[in-house]
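All chains, full assembly: derive it from the sequences and hints.
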Amino acid sequence: MSTPDDPADRTDADGETTADPGGTPAADPVSSSAEKYDGRKIVTGEAKYTADYRTQFPDLAHGTIVRSEIPHGEVTDIDTSEAEAIEGVYAVLTPWSAEVPETLYSSSGQSYPEPSPWDMRVLRRHVRFVGDPIAAVAAADRETADRAARALTVEYDERAAVFDTETATDPDAPRLFEDDEVENSQTGADYSRNVESAFGGEIGDVDAAFERDDVDRLELELETPYQSHCVPEPHATIAYTDEDGRRTFITATQVPNHTRRQLAHLFDIPIRDVRVKKPRVGAGFGTKQEMVIEPITFALHLASGRPVKLELSRQEEFSAVRSRHPMSLRVRGAVTDEGEIAALDLHTRSNSGAYGTHGMTVASNVGTKAMPLYPNVPNLRFTGEVVHTNLPMGAAMRGYGAPQGHFAVETLVDEIARHVGADPLEFRRRHAVREGDLDEASAILKDGTRFVRRIRSCGVRECLERGAEAIGWESIDQPTASHLHRGVGVALCAQGSGVAGKELGAAKLFMNEDGSFSLHVGGVDTGTGNDTMFTQVAAAVLGCSPDDIVVTAADTDVAPFDYGSYASSTTYISGTAVKHAAEDAKDRLRYWGSKLLEEPESVLETGDGRVYSEQTGESVTLEEIGYEAAYGHDEREQIMGHGHHSTDESPPPFGAQFVDVTVDERTGEYEINELVFAADCGVVINPALAEGQVEGGEHMSLEYATSGTLEFTDDGVPKTVGFREYGMPRTTDHPPMETILVETHEPTGPFGAKSIGELPTNGVPPALSNAVRDAVGVRLTELPITAEAVLEALDRT
Amino acid sequence: MTDIHIDCSINGQKRSFDAPRSALLLDVLREHGYTGAKRGCDTGACGFCTVQVDGEPVTSCVTPLAAVDGTTVETIEGLGSQDDLHPIQAAFVEHSALQCGFCIPGMIMRSKALLETNPEPTEAEVREALADNLCRCTGYKKIVEAVLDAGERMRSSPAVTDGGSEVAGERGAGGPCGRGRSCRHSPGERE
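Note that the protein sequences, when read in sequence, are chains H and S.
Those letters in the first sequence? Residues 1292 to 2088, by my numbering.
Those letters in the second sequence? Residues 14 to 204, by my numbering.
Keep in mind that the hints were calculated from the coordinates and are not lab data.
Nothing false has been slipped in among the hints.
List time: in silico DSS-like cross-link candidates among lysine-lysine, alpha-carbon distance up to 30 Å:
no. : chain 1 : residue 1 : chain 2 : residue 2
1   : S       : Lys27     : H       : Lys1332
2   : S       : Lys27     : H       : Lys1339
3   : H       : Lys1793   : H       : Lys1737
Spelled out as structure tokens, the structure:
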């Protein structure tokens, strides 16, 4: 096991690396593109998402939320009389209602106690953005609920508001939080300046490095915008009390166990009395790593005495729920005459909007994900500040600060390469992280060395090589028209595999007589395919087919504990828990195999639906074992396995994003000709699903680079309220995409796997900026990159 | 509010509805158990609620119920079953052209409308036809590949265009992990 002062020699939680058991490579269930577990019910429309459970509740009430129309102020009165008089209205809640707790809480689905400040209440008197929930209605149908919501008369005492981080930190700026309105244990909080947290870390001596005579100094200032998750299924929850008095939630969540705990605390009921069930979820991307609407739904249930369904509208998704934090970044580099990077210095100022959910932790990941790409830079500094404004709150979103950080680091590294006269690809090949490197940058904000990590798998150079070949790095043909210029850009990407030291996943597995297994697992499939991955991992250990594994997941009454689906943790953490459970069960299969085959357990292996002897070749089927264990004459046993996993490890997956672009120098318009992403996620479990992660992540990254942003009036009123205003790429907006999976073997991962979910959201902004730089010589530092900005930059040269 | 009376055919079955004049097709479908059509925006901007009315793809969230009086409505529930997938459904499964799945019923209905009028579309035509159907998970690549492949499947077994379906379980690679029609996996998660 690890010792705190010797991170380099750390091993995985088991203290060993397990070789792939069972099966020949050709029949390996792990490496096959097994059919997606829920694929058939999705294509037939039978997959049930939260709102589809309505048919099970004949007396279901429909909820709706009334939201603040002002950016900052106090709700002084809500007249509910007219609404309550409407036929079919079952409950009207205001901040003063008995069913609505006054407790301060954090909505962030994080470990306990949440690092995010406890700064919100279920319904709010002190409103801090246009969209803050102030009242809620439950009624017989959606139309009646909406009509009642419109019948409320709200009186406000309006206060001055602030909409940018610069003004917000001015001592004279309107203050969003009084001291008694928030509990915050983060570093650097100063609510008199609307600062939710400030932090920093340094390795070496950055100032000294920048003052050296033999270095040149380069600097970029960058701006990144809001981005909406555009989660396909809007947030939805059904809350009811079942016949056993259990408070039950069918809810679209990434974090059933965190939500259960938070609900129990908020409503002061025992955790054991709360059941959170995740049905199929129409994706999360971080916006469901939150307890967003469950408390309001539950309060409406308490007040109405009926099961209540609350489904958010698309407008609420865009304007009132959660988004990616906008940031202003400054990155500086010192480069020696020999072309070595002597120092990197990164600062971010994040706009957390009205509340602090994931504010500090997202900002922290700006530096700790991208800086590990260059572990041999001797002097590193990363500082950040998280500031409140009267705009919608940022929160977790796929990539979790890493997209912002990569935009800064990978554009600066490109400038450094060009400055020293090196090919940006070659420069990265020379300087980027290698297997065996000791990465301190990911722990730059931590005390001590516990989270300093040894890089045990790294496919960066193969990603660069194969990606360059696919994009045609060496042989870009220039268009014949003289106003068109073509260029290529590359950006390296890294992420983590779970939150180091802050994860726990668990699984249990029991055998059925027919040789199949029921798997109960806390891991949360929000559409990415974890349930499929779980069957493949279990099958590979047990020596059966993935079809022989029946998954029941993410129901807190049935499945064991799991932190949830976030931080690229499901394969690495929950997948390892499943592997451990399967290994536990496999021990019992060997025992029964030994009994039936009359051979020692030590020579027995599982594979092809059997336990077989490596010595004699004799075998017994899993079905025979299943029946014998259940109905045997002299001895009986429920063959089971238990497993859980937690670790300080979080090995980074790596990738290289390539962009091929053509820029029109007359208009600044550009066209992306091709995207190539080469990914090293360790051993690939289910290549087709892994490719899907890359392609979907690139889609979001493409949007971030080119088209997605939220806009507001000068008074903080959202202008982006639907897909028509928001620039989500369509089929016709996507350039050709090529995905390359570069396999490495991560010794601490299940079957050698690392994560893949977030990695590909990091690359397009820097790679596109680098490609435009290559094509026409200008550096774009503000997202999304617009034709106007390109033209403006060209005009300046 | 005045109720209206609507007669239509849904997936080959005669249905009648009495509903308020303002009723929208999506609400009525979902209330009556056709929950394959999903609510994504209520403005006809995402395509998750796409169904076919007299063969035409429509976004049911902005289609008045009154507009389907006397028409033939087709929803995802009318295509194949899990053990007997329609070729478009089979292609989506085999190409892993789905993740969270929320957009997929609408995407498949839109693809069906395309392939019925243009059995051999080019990639550009597929992309054009699906441009109003959003997907957040896949980057569209595998979806477009699935639709092109589905066209080929439907051309090679023309019976399916007349409402037949394709034998399921024919996983291209015939790999060990294909969940064939004999698959025992039943509801993946407990309600």
